[in-house]
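S.K.: So you can see what is in the structure, the chains are spelled out below.
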Amino acid sequence: MAQAAQSLNPSPPLRHDHSVKRHTGLMDWITTVDHKKIAILYLWAGGLFFGIGGLEAILIRIQLIKPMNTFLDAQTFNELITMHGTTMIFLGVMPVIFALMNAVIPLQIGARDVAFPFLNALGFWTFLFGGVLLNLSWIMGGAPDAGWTSYTPLSTTQYSGTHGVDFYTIGLQIAGLGTLIGGINFLATIITMRAPGMSFMRMPMFVWASFITSAIILFAFPAITVGLVLLTFDRILEANFFDTSAGGNSVLWQHIFWIFGHPEVYILILPAFGIISEVIPTFARKRLFGYSSMVFATILIAFLGFMVWAHHMFTTGLGPVANALFSVSTMLIAVPTGIKIFNWLFTMWGGQVRFTTPNLFAVGFIPTFTMGGVTGVMLASAPADFQFHDTYFVVAHFHYVIVGGLVLGLFAGLHYWWPKMFGRMLNETLGKWTFWTFIIGFHLTFFVQHFLGLMGMQRRVFTYLPNQQFDLLNLISTIGAGLMGVGMLIFLTNIFLTSRKPADAPDDPWEDGRTLEWTISSPPPEYNFKQTPLVRGLDAFWKEKTSGHKTMTPAEPVGPIHMPSATILPFLMSVGIFIAGLGFMFSRDDFGNAFMGFMFNNYLVTAIGLVITFGSMLLRSLYDDHGWHIGPEELEGR
Amino acid sequence: MLRPQGPAAESSFDLMKLSITIMIVVLLIVFSIAAYVLVRFRRKPDQREMPEQVEGSFKLEVLWTVIPLILVVVLAVPTVKAVFAAGNDHSNDKNAIKVKVTGHQYWWEFQYTDYGVTTAQDLVIPAGKDIAFELSTKDVLHSFWVPSLSGKMDTNPDGTTNRFSFSAPNEGVYRGKCAELCGPSHGFMEFKVKSVSEAEFEKWVNSMKSPAVLPEDPALAEKFKSQCLTCHAMGDMPDMSSAPNLTGIGSRESVAGILLNDDTGVDGAPVLENLKTWLHDTQGVKPGNKMPDPKKDMNLSDEEIDGIAEFLAGYTLD
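Residue numbers (our numbering), protein chains in the order written: chain U, 1 to 638; chain S, 1001 to 1318.
Misleading hints may appear alongside valid ones.
[What the hints assert, rightly or not] Simulated restraints, written as ranges between beta carbons of each label pair:
(1) N1299(S) / D471(U): 35 to 43 angstroms
(2) F451(U) / K1296(S): 41 to 49 angstroms
(3) Y1036(S) / T546(U): 22 to 30 angstroms
(4) P1218(S) / F451(U): 53 to 61 angstroms
(5) T1230(S) / N240(U): 27 to 35 angstroms
[Stated by the list, open to error] Quick look at which bits of chain U chain S covers, simulated, 3 or more residues with Cβ under 8 angstroms:
(6) 241-253
(7) 369-377
Simulated from the structure, these hints should not be mistaken for laboratory data.
Cβ atoms here follow ideal geometry from the backbone N, Cα and C, with glycine treated the same way.
Next up, chain U with everything else stripped away, as it sits in the complex (with noise of 0.2 angstroms):
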């Protein structure tokens, strides 16, 4: 009754009171300021890179079905090698997860967008074109070749003679530039868009964890910046920072690249310890187990992942005492992981565990992610490192810290918030077979590269010599990846199939639902909460739900809202820095061509596209956009 009282009052009318123009079709996706329309463009922008990574994959173990394949020459397995980790690493599951924070974490905190919306389509489109900028090199004379580490010399223009490392280089500035831009914007969401009443310890676990995600991405990413910066001042400007024999170091890239790489791995798994923080309770029905301590393992864990980038350096020669502190440092890490493993674990202990699809692979994560966690630990131990190093052992390791971690837990938060985001819910059925395939697929294709490791089978190898043993188990990882492609298949099957049903999902679809986004419609309207929600406690639906509440309380009388304005600028903005890119990495070059060589030597293609650039920075300067409001009588439906 107090709401229809107040909905009654009018609100004087205000200055932007007036309906905007709005696109439609593509040029709406373009212009799209609103943080759940950029959610589903992240989703399918990386679900895209993901699909090439994931074929990269595929075309690597069939060239390692057997000994002495000649199935890929070994220039270009070197090439599908670093695009593969590449690809996945920066291209794939980062967007993902930006899809799912984008998607969730203004739901979830109470808030109508993000702290800045223009920001975010930037940070989108930045990604999107530095990503499409790397792809390019497949068609453009050579994809990088020099792996994911891109270890100098070896990715220096002497050893790497085409442009497939500027490819490298160039794509990840621009790439990383929109991850930092999407950190920044989260981080300042969180600190000041929570609902009222929602304080720190108050947030959903998945917000804590994105928090500090973006916290490590706003100190990790200037890292590679710096890094990738030198390394293209090398390989075009004939810099040597990374040329011992000129006064440079080469070892200084690989400190570089850790010291960004390792956090790295923290920014990805993080979210999906987030993710499942989220599921599991839901689906057993009872609060997280020991929600304080979650949160100082997760700040914990964020803080040692500074500490420990030299473990992937044991073998450079750093000595023992650098060697000795790494590993315990390193080693360390287990305590707060192992923090989590047995608060999940409790969380269930007394529970009502329902098996849903997303708790499917939540309960599948922790075994999985911990095998990864095991490995790691034995790997920080660096006298065992010195063999355990650059062999399948680290890559069966890695991958089931990321794929057995972050992708399983991927899995799970799209399938829980599917319904959230599309308003369709996936099909039970196929979600389980999307499950039993893929992760029965990647335990046969990872769990045996632990014994190639041991047995000594390199990483980054393009082919082996027969009478190693080696050759039984490269046959049964090679099966196991076309499982785990299976287990992808099916899951697109999935997603077009639900694509055609009616979008009828109820606002708590899982019934369980414990956080604010599960109280708005599914889809929610663009605006999300028509009155901000007023929070009193943690899991604030829930909360409601026991004290018999089928709504959350408003914090505030229903009003206009204030939109921001759809705006074409970020996309342009990104285009801008695409064109300066391409046109710097061709600076040099010799074209044969008058036109061609004068526009690219004299770099006036670079000058273009900073001037696209910089002019729509100015244009949004100057031009004053107060965005527009959606009036009281249209929230009610008037």
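Could you slot chain S onto chain U? The hints should help.
M.R.: Below, chain S alone, put in the same frame as chain U:
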């Protein structure tokens, strides 16, 4: 790696066994709790009541913080010990054999600085002696690895040289590999370590120093000198380190590191056959290697190539 043949590899193996034991215990605990929970606490169809909402348990949480900490200490102490033990590189040990290892795309150069001997692909060492290695690369990073004898160590460019040491108490031939991505033929950058008795080692050093021999056919000898010896060295010739030293190539374990020499034909092929395979198709055997093609780049005829292969196959150490 699982069949260690020397003290360095054994030290790694002991730590592996310790860590895997601890980890299997951890896995068993996690798996059994998980299995129990998933069986015992399934939701029954008629279950409608709300489970008790447990906030946490201070005692339990302390328990699973302290126990992993103890396990970490149990693993960390021997790890630190072994790290410092592995730090002894024997570079100042008068009894150690000093070997300078240089990585090249895609072959290994071994210089015995105390003996003035240089060889490639086969590292001959006296059994039981400590070998003090000095590792560097002429081009990209490689990693020097003999799984059954020791862990690996990267070869960095000059100025960031690494040192380490291992020994092989038992006589035998061990397989060595490159463990750091170094280009297309990274997987083919293998070598052999031959651990022999001390007397045999002395004999080998002396025969390595004997004067170079040339093919008997003067025309072929001239071709060999002008086409091959501009990069390769043999016997007492000065070594330019630009291509593998060929001294005694006929008695090596392999050709190009990966074509295993085996007269019985079980694990490989006779050395002559391997040399022919290699010289007729170097890029096919080892893609991306830096040797000019004998036929296309050096204009040698098939007969000349076969002649050189025969000469090299017969160039053995006594």
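S.K.: Next step is simple, just say for each hint if it's right about the structure.
M.R.: Going down the list of hints, with the structure as the test:
{"no.": "1", "hint": "N1299(S) / D471(U): 35 to 43 angstroms", "verdict": "40 angstroms, holds"}
{"no.": "2", "hint": "F451(U) / K1296(S): 41 to 49 angstroms", "verdict": "42 angstroms, holds"}
{"no.": "3", "hint": "Y1036(S) / T546(U): 22 to 30 angstroms", "verdict": "27 angstroms, holds"}
{"no.": "4", "hint": "P1218(S) / F451(U): 53 to 61 angstroms", "verdict": "56 angstroms, holds"}
{"no.": "5", "hint": "T1230(S) / N240(U): 27 to 35 angstroms", "verdict": "30 angstroms, holds"}
{"no.": "6", "hint": "241-253", "verdict": "holds (count 5)"}
{"no.": "7", "hint": "369-377", "verdict": "holds (count 5)"}
Violated hints for the displayed structure: none, as all numbered hints are satisfied.
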